[in-house]
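As you go down the protein sequences, you meet chains A and B in turn.
Numbering-wise, numbering that gives the first Met the number 0 puts 49 at position 50 of the first sequence, and it's gapless, one number per residue.
Numbering-wise, numbering that gives the first Met the number 0 puts 66 at position 67 of the second sequence, and it's gapless, one number per residue.
Mixed in with the good hints there might be a few duds.
Stated by the list, open to error - Here are the computed lysine to aspartate or glutamate pairs in the EDC-like style, where the Cα-Cα straight-line distance is at most 20 angstroms: (1) Lys86(A) x Asp96(A); (2) Lys2(A) x Glu167(B); (3) Lys91(B) x Glu71(A); (4) Lys94(B) x Glu92(A); (5) Lys166(B) x Glu71(A); (6) Lys86(A) x Asp82(B); (7) Lys86(A) x Asp8(B); (8) Lys2(A) x Asp2(B); (9) Lys91(B) x Glu92(A); (10) Lys94(B) x Asp90(A); (11) Lys94(B) x Asp96(A); (12) Lys86(A) x Glu167(B); (13) Lys86(A) x Asp2(B).
Unchecked claim - Reference listing, derived: stretches of chain A covered by chain B, where coverage requires no fewer than 3 residues with Cβ under 8 angstroms from a Cβ of chain B: (14) 33 to 41; (15) 44 to 52; (16) 57 to 70; (17) 73 to 80; (18) 83 to 91.
Hints are computed from structural coordinates only; laboratory data are not their basis.
Heads up, the beta-carbon is just placed ideally off N, CA and C, and yes, glycines get one too.
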Amino acid sequence: MDKVQMLQVLAASLFALGLTGVIIRRNVLVMLMCMELMLNGVNLSLATFAHTMGSAVGAVLVFLIFVVAAAEIAIAIPIVLLLVRRKRTLDIESYSDLKG
Amino acid sequence: MTDFLANLDTLLLWAFAGCAFVSAALMLVLRQPMRVAIALVSCMVFLGGVYGLLGLHFIAAFQVLIYVGAVMVFMVYAIMLLDPRDESGGEKFSKLLWPGIIGLSLLAEALAVGYWSDLPGAPRGAAGEPFDMVRFSAAFLSEYWLHFELTSVLLLAAVVAALAVIKENRRHDHG
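Could you put the whole structure together from the sequences, leaning on the hints where they help?
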């Protein structure tokens, strides 16, 4: 079995597992962590191609994704903090104020 | 013995990849957020091992430093702060459990079909020569300087937004 193929399958699986976690879990913090898992899947894919092609583009993109993940978490945690102070729960289904 | 040593890195790569997959799958079924966080940390560390075995040592180092050292520590602090306040105590899975599982199984099937069919292999570059920190840094700061600057703008925007959210929080408390 080819190494690159295996790593690409792993990357797609990590992305799919993260997406499923975002859909099926109720806890907001767990959903955020599943989003991080999706970003990790993308990173693995980019790093594998950077390794295979011997180019620096993939590695540069991996670093940009690191920064995006850090910025995302720096904004998401205060928002979750605000929501929990108002609703007293981490359950995503109680944050339905915008539901028509 | 020499065969074993020659195949050791392939073996380790498979072991790290398998462990990363198992920890990612555990994230879906564990109940407590702290256990999910530990599963995610172990998944990231195993991925760091995969990067190291691929020869991308600086990505492996930053994976551990930034993801595990900064992002996940922040997340663990948030869990310690917020989890005791959670009064829901409800179910683990949302109403979308079955659609989610069906979607995941369809995706797994598509992956399996793609994996066992004869797809053209990925194009190989300059024989996979490992690129070092010097080459990467030169490319980053000469060719991709605009992205670098845009990234700093993004980080500044994140800081401003986080401050705005905290200010809103205080106003809500006083008002």
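Results of checking the hints against the structure:
Taking the CA atoms of lysine 86(A) and aspartate 96(A), the gap is about 11 angstroms. The hint holds against a cut of 20 angstroms. Between lysine 2(A) and glutamate 167(B), the direct Cα distance comes to roughly 50 angstroms. Violation of the 20 angstroms bound is thereby established for this hinted pair. Distance restraint check for lysine 91(B) and glutamate 71(A): the Cα-Cα separation of roughly 24 angstroms exceeds the 20 angstroms cut-off, and the hinted pair is therefore not satisfied. Restraint check for lysine 94(B) and glutamate 92(A): the C-alpha separation of about 9 angstroms stays at or below 20 angstroms, so the hint holds.
Between lysine 166(B) and glutamate 71(A) the CA atoms are separated by roughly 18 angstroms; this keeps the pair inside 20 angstroms, and the hint holds. Of the supplied pair hints, the one linking lysine 86(A) and aspartate 82(B) holds, its CA atoms being roughly 13 angstroms apart against a limit of 20 angstroms. For the suggested pair lysine 86(A) and aspartate 8(B), the alpha carbons sit about 50 angstroms apart, so the restraint of at most 20 angstroms is broken. Among the hinted pairs, lysine 2(A) with aspartate 2(B) is consistent with the structure: their alpha-carbon atoms are about 18 angstroms apart, no more than 20 angstroms.
For the given pair, lysine 91(B) sits about 12 angstroms from glutamate 92(A) by alpha-carbon distance, which is consistent with the 20 angstroms threshold. Simply put, lysine 94(B) and aspartate 90(A) have alpha-carbon atoms about 12 angstroms apart, close enough for the 20 angstroms limit, and the pair holds. Taken as a hint, the lysine 94(B) and aspartate 96(A) pair is honoured in the structure, with Cα atoms around 18 angstroms apart against an allowance of 20 angstroms. Proposed proximity of lysine 86(A) and glutamate 167(B) is supported: the alpha carbons are some 15 angstroms apart, at most 20 angstroms.
At most 20 angstroms may separate the alpha-carbon atoms for a hinted pair to count; lysine 86(A) and aspartate 2(B) exceed this at roughly 60 angstroms. Counting residues of the region 33 to 41 of chain A whose CB lies closer than 8 angstroms to any CB of chain B gives 4, so the stated coverage by that chain holds, three being the minimum. For the region 44 to 52 of chain A, the stated coverage by chain B is satisfied: 7 residues place a CB nearer than 8 angstroms to a CB of that chain, which reaches the threshold of 3. Counting residues of the region 57 to 70 of chain A whose CB lies closer than 8 angstroms to any CB of chain B gives 11, which reaches the minimum of 3, so the coverage claim holds.
Counting residues of the region 73 to 80 of chain A whose C-beta lies closer than 8 angstroms to any C-beta of chain B gives 7; at least three are required, and the coverage claim holds. Chain B is given as covering the region 83 to 91 of chain A, and this holds because 8 residues of the stretch bring a CB closer than 8 angstroms to a CB of that chain, at least three being needed.
The structure shown violates the earlier hints numbered 2, 3, 7 and 13.
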